Amino acid sequence: MGDDVEETTLSEENGTMIQQRRSGQDTLLDARGLTKRFGDILANDKVDLVINKGEIHALLGENGAGKSTLVKMFYGSLEPDGGEINWQGNNVDIGNPAAARELGIGMVFQHFSLFEALTVVENIALALPNPGNMTALAERIQAVSREYGLPLNPGDIVADLPVGIRQRIEIVRCLLQEPQLIIMDEPTSVLTPQEADQLFLTLQRLAEEGCAVLYISHRLEEVKRICHHATILRHGQVVRECDPTKETPASLASMMVGADVASVSAAEQKPDIGETRLGLHNLSARAATPFATALNGISLDLRAGEVVAIAGVAGNGQGELFDAISGEMPVAPEMIKLDGTPCGTKSITWRRKREAAFVPEERLGHGAVPGLKLSQNIVLTRHATGDRLVGAGFVSTTQAGLLEKRIKQAFDVRMSHDDPEARSLSGGNLQKFVVGRELDRNPGVLIVNQPTWGVDAGAAALIRQALIDLARSGSAVLVISQDLDEIFEIADRIAVISRGYLSAAEPASDMTRERVGLLMAGEAENQGEMADAH
Amino acid sequence: MRIELVKRKERSQFMALFSPLIAVGMTVLAAGIIFAVTGHNPLEALYKFFIEPLTQQWSLEATINKATPLILIGCGLAVCYLSNNWNIGAEGQFVVGALFGSILPVLFPSFENVATLPLMLIFGAVGGALWALIPAVLKTRFNTNEILTSLMLVYVASLILDYLVRGPWRDPDGYNFPESRIFSDAATLPDVFGGLMSLSTPITILIAVILAVVLAKTLKGFEIRVMGESPRAGGFAGFSAKGLTLFSFALAGGLAGLAGTMEVSGGLNQLLPVISPGYGFTAIIVAFLGRLNPIAIIVAGFVLALSYIGGEGVQSAMGVSNKIASVIQGLLLFFVLACDTLILYRVRMVSRRVSAAEVSHV
Numbered sequence: 000m001g002d003d004v005e006e007t008t009l010s011e012e013n014g015t016m017i018q019q020r021r022s023g024q025d026t027l028l029d030a031r032g033l034t035k036r037f038g039d040i041l042a043n044d045k046v047d048l049v050i051n052k053g054e055i056h057a058l059l060g061e062n063g064a065g066k067s068t069l070v071k072m073f074y075g076s077l078e079p080d081g082g083e084i085n086w087q088g089n090n091v092d093i094g095n096p097a098a099a100r101e102l103g104i105g106m107v108f109q110h111f112s113l114f115e116a117l118t119v120v121e122n123i124a125l126a127l128p129n130p131g132n133m134t135a136l137a138e139r140i141q142a143v144s145r146e147y148g149l150p151l152n153p154g155d156i157v158a159d160l161p162v163g164i165r166q167r168i169e170i171v172r173c174l175l176q177e178p179q180l181i182i183m184d185e186p187t188s189v190l191t192p193q194e195a196d197q198l199f200l201t202l203q204r205l206a207e208e209g210c211a212v213l214y215i216s217h218r219l220e221e222v223k224r225i226c227h228h229a230t231i232l233r234h235g236q237v238v239r240e241c242d243p244t245k246e247t248p249a250s251l252a253s254m255m256v257g258a259d260v261a262s263v264s265a266a267e268q269k270p271d272i273g274e275t276r277l278g279l280h281n282l283s284a285r286a287a288t289p290f291a292t293a294l295n296g297i298s299l300d301l302r303a304g305e306v307v308a309i310a311g312v313a314g315n316g317q318g319e320l321f322d323a324i325s326g327e328m329p330v331a332p333e334m335i336k337l338d339g340t341p342c343g344t345k346s347i348t349w350r351r352k353r354e355a356a357f358v359p360e361e362r363l364g365h366g367a368v369p370g371l372k373l374s375q376n377i378v379l380t381r382h383a384t385g386d387r388l389v390g391a392g393f394v395s396t397t398q399a400g401l402l403e404k405r406i407k408q409a410f411d412v413r414m415s416h417d418d419p420e421a422r423s424l425s426g427g428n429l430q431k432f433v434v435g436r437e438l439d440r441n442p443g444v445l446i447v448n449q450p451t452w453g454v455d456a457g458a459a460a461l462i463r464q465a466l467i468d469l470a471r472s473g474s475a476v477l478v479i480s481q482d483l484d485e486i487f488e489i490a491d492r493i494a495v496i497s498r499g500y501l502s503a504a505e506p507a508s509d510m511t512r513e514r515v516g517l518l519m520a521g522e523a524e525n526q527g528e529m530a531d532a533h
Numbered sequence: 000m001r002i003e004l005v006k007r008k009e010r011s012q013f014m015a016l017f018s019p020l021i022a023v024g025m026t027v028l029a030a031g032i033i034f035a036v037t038g039h040n041p042l043e044a045l046y047k048f049f050i051e052p053l054t055q056q057w058s059l060e061a062t063i064n065k066a067t068p069l070i071l072i073g074c075g076l077a078v079c080y081l082s083n084n085w086n087i088g089a090e091g092q093f094v095v096g097a098l099f100g101s102i103l104p105v106l107f108p109s110f111e112n113v114a115t116l117p118l119m120l121i122f123g124a125v126g127g128a129l130w131a132l133i134p135a136v137l138k139t140r141f142n143t144n145e146i147l148t149s150l151m152l153v154y155v156a157s158l159i160l161d162y163l164v165r166g167p168w169r170d171p172d173g174y175n176f177p178e179s180r181i182f183s184d185a186a187t188l189p190d191v192f193g194g195l196m197s198l199s200t201p202i203t204i205l206i207a208v209i210l211a212v213v214l215a216k217t218l219k220g221f222e223i224r225v226m227g228e229s230p231r232a233g234g235f236a237g238f239s240a241k242g243l244t245l246f247s248f249a250l251a252g253g254l255a256g257l258a259g260t261m262e263v264s265g266g267l268n269q270l271l272p273v274i275s276p277g278y279g280f281t282a283i284i285v286a287f288l289g290r291l292n293p294i295a296i297i298v299a300g301f302v303l304a305l306s307y308i309g310g311e312g313v314q315s316a317m318g319v320s321n322k323i324a325s326v327i328q329g330l331l332l333f334f335v336l337a338c339d340t341l342i343l344y345r346v347r348m349v350s351r352r353v354s355a356a357e358v359s360h361v
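Residue numbers (numbering that gives the first Met the number 0), protein chains in the order written: chain A, 0 to 533; chain B, 0 to 361.
Read the hints as simulated data drawn from the structure, not as lab findings. Here the structure is a predicted model, which is why all the values come from computation and not from measurement. Idealized CB from N, CA, C, for every residue including glycine. Warning: the hint list may mix true and false statements.
[What the hints assert, rightly or not] The following label-pair restraints were derived from C-beta to C-beta distances:
#	chain 1	residue 1	chain 2	residue 2	range
1	A	Ala287	B	Glu60	55 to 61 Å
2	B	Ser183	A	Ala287	56 to 62 Å
3	A	Lys352	B	Phe333	22 to 28 Å
[What the hints assert, rightly or not] Straight-line Cα separation of at most 27 Å, DSS-like style, residue types lysine-lysine; simulated pairs:
#	chain 1	residue 1	chain 2	residue 2
4	B	Lys219	A	Lys372
5	A	Lys352	A	Lys336
6	B	Lys241	A	Lys352
7	B	Lys216	A	Lys404
8	B	Lys219	A	Lys404
9	A	Lys336	A	Lys372
10	B	Lys241	B	Lys219
11	A	Lys223	A	Lys245
12	B	Lys219	A	Lys52
13	A	Lys223	A	Lys52
14	A	Lys404	A	Lys372
15	A	Lys52	B	Lys241
16	A	Lys336	B	Lys6
17	A	Lys407	B	Lys216
18	A	Lys372	B	Lys322
19	A	Lys407	B	Lys241
20	A	Lys372	A	Lys352
21	B	Lys241	B	Lys216
22	A	Lys345	B	Lys6
23	A	Lys52	A	Lys336
[Claimed, not checked] The following residues of chain A were derived to be distant from chain B, with all beta-carbon distances above 10 Å:
#	residue
24	His280
25	Thr348
26	Gly364
27	His382
28	Gly385
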């Protein structure tokens, strides 16, 4: 294990970690001075990284810190501009992913690349250089998947499988090539807590067998739990190395950000609950496409002054629920009420005029038009809400520019020059902008889907605090999120969505992660069905 | 060694305006090379092709008259294409507009007063719009492909025109020639600026300017641009995709129909079995050459009209095949699209072999 080799030491004088050369005979990968430049931006600046055999090595950093760039160089899909990579003591030039796989480096991607219409074994065969006989391959798949506690049925069609199983396919595909180093990019972001636990067991098993794992995650709790060593990147440079088991999530976060992350305060102040602003009454909708989820009798009262969070694994109807509430997907009038007025068929503009505001999951292409400037993207959602953006049919560029500056300042949206096109912003900055655009209106009802998805710790804290502050000022806030840490941080009440069913919203103080996990895994469905029957 | 196109993070505003000029410059250069290779004096040929038509009264008139319908149709099509509605049937909308506009002078020749001409223009616009709404309604109701339906309706419109001119609308005093009666003075668009152009040209320029303002400054223009680039975001903004499909088709058809009426009223002065040398199709090139911007479309309309007249010029004066006009139009479109590509993407040389699948995978 990595811990047995020369360790990083704590220098008592200044309290910072100083890395000694961790490389030794157990060293698998030793990268020295890796540099990668994109135009003016130095994505990786002389990065040193040592991965030992049997080590679960966390790679931490905010969005844009250079994590993806670094692993892409290990996986051969990017070419370093400087520095060298040593693999088991030999200097190597990893020309492409096939070369990486030959060396024994495998990668499991955050976004799966599976063909939904094909079976498990067919998908795996497509990715292997010499798949050989399909029956033999199916047997190998079963053997490997059993061995590592990742049960898979090779004959299943991928479209029928939940996300957790799909990830298993990716992992098994990777394992079949007997890698010595597996790179995992945010593997748990799509898993239920129980599925994640299962994954951790597999990783520990792999590590015991001597396989190394390079683990990228934003979830610091789990990094602390399973990783042996952590390297922290900031602005393309290695700023710290540490043993995450000896750190707290908060200390890890502040290392990533380079400053203390403001902790979000929700619990101290008791919510002052008012009238029901948004009512969902037996909201049902058929699935519009084979890959969409039907909504089944969803009921919920969202009251002024509170934050209600809807937890759930991706693809369980969150998008459809959001579209129904926003008005992009019309439903029967009585199913949705704003301040008591039935509005299931009303347009999104009608709802916005009645103080509702919406932030969709997808920032680019749904929440914002990529090729339009930020100021014009403000017009997108606020042209009818009395912000003097439109007069006599004409759009006021001046007013849009003023709002853009105000939002930029209030939410610390960083940009290379004034009023850029939305597409040029980093994910975190664009998220701050699309959330800020709605919060700037001081809406009475805010619906936000995945408020901090792919957003770094600093920006996430800012957004969460803003949501809480909005609720405390008397607005009703509905947050749809996959991130349990976030949900427990900000929610007053929690409901869980599973296969289009919604569990009853219960006070956050009565909820535990285990209970949420069970609801996510289908318990919500049963509860929803029972409610349906009444 | 491999060449890759990498998407630029932002587009250069300056280059967006400048690129059509580069394209025209490169077209002139390429045309010169073609003239030289085919054994003609390139400078003389270029002069005769691009400059001479502008120096003589008759050829200037001809250029303006050809440019006018191209511009008017191109402006309407630009609205369609900006909003992702692929109206290919402007030629048919032009013809049906001409038919509607001809109802008064052909069927009610005695209806002659100040209202005649305005009514004809309104009829023409309404006719073109109704014809264009057929593919639009089919698209919004039944999700048909508007490229096919709008294109097929072109041939239906042409055949209706052919039937009417040879049958019920034939001139009773016309010795059985397949043509309608000649329009009366009250039904004829007057010439302006000393006969240099028909009234249709100033009307067209005015409409182009109004459209340019609408597209650049109003919420409707914003809606059109948003729906074209990102329909999902447009829906989030509260804009209706179906509504915009109907609107843009009706507008493009209305303008094409207006162009059709002005062509028969101001130029031909009667209906003939064929009233358009393919204006509706050439206008597609005009719209893209003008980068879907009405002001630039005015210029593009003139450039394409010029290439027709210039092609005839070099043919008669130097014996160059008049197919050269099509070649130069094609070159122009090619260079404009190439310049556009370089605004959106930059070229990167890749010295190492990485399969594209792997790159996209990451």
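Does Lys336/A pair with Lys6/B here, judged by a C-alpha cut-off of 27 Å?
violated, 44 Å
Minimum Cβ distance from Gly364/A to chain B greater than 10 Å, as the annotation requires:
violated, 5 Å
Are the Cα positions of Lys241/B and Lys219/B separated by 27 Å at most?
holds, 14 Å
Does Lys216/B lie within 27 Å of Lys241/B when you go C-alpha to C-alpha?
Distance ~22 Å between Lys241/B and Lys216/B Cα, so the pair holds.
Is it true that the CA of Lys404/A sits at most 27 Å from the CA of Lys372/A?
Answer holds: Lys404/A to Lys372/A is near 12 Å, not above 27 Å.
Checking a non-interface call: every C-beta of chain B should be farther than 10 Å from the C-beta of Thr348/A. Is that right?
Incorrect as stated: the minimum Cβ-Cβ distance to chain B is 4 Å, not above 10 Å.
Can the restraint linking Lys52/A and Lys336/A be considered satisfied, given a maximum Cα separation of 27 Å?
Cα-Cα ~58 Å, so violated.
Sort out whether Lys52/A lies within 27 Å of Lys219/B, counting only the CA atoms.
violated, 62 Å
For the pair we were handed, Lys407/A and Lys241/B, check the Cα-Cα distance against 27 Å.
violated, 34 Å
For the pair supplied as a hint, Lys241/B and Lys352/A, confirm whether the alpha-carbon distance does not exceed 27 Å.
holds, 22 Å
Just to be sure I understand the hint, the distance between the Cβ atoms of Ser183/B and Ala287/A should be within 56 to 62 Å; is that true here?
holds, 57 Å
When you take the CB atoms of Lys352/A and Phe333/B, is the distance between them in 22 to 28 Å?
Given a distance of about 48 Å, which is not inside 22 to 28 Å, the answer is violated.
Comparing the model with each numbered hint stated earlier shows that hints 3, 9, 12, 15, 16, 18, 19, 22, 23, 25, 26 and 27 do not hold.
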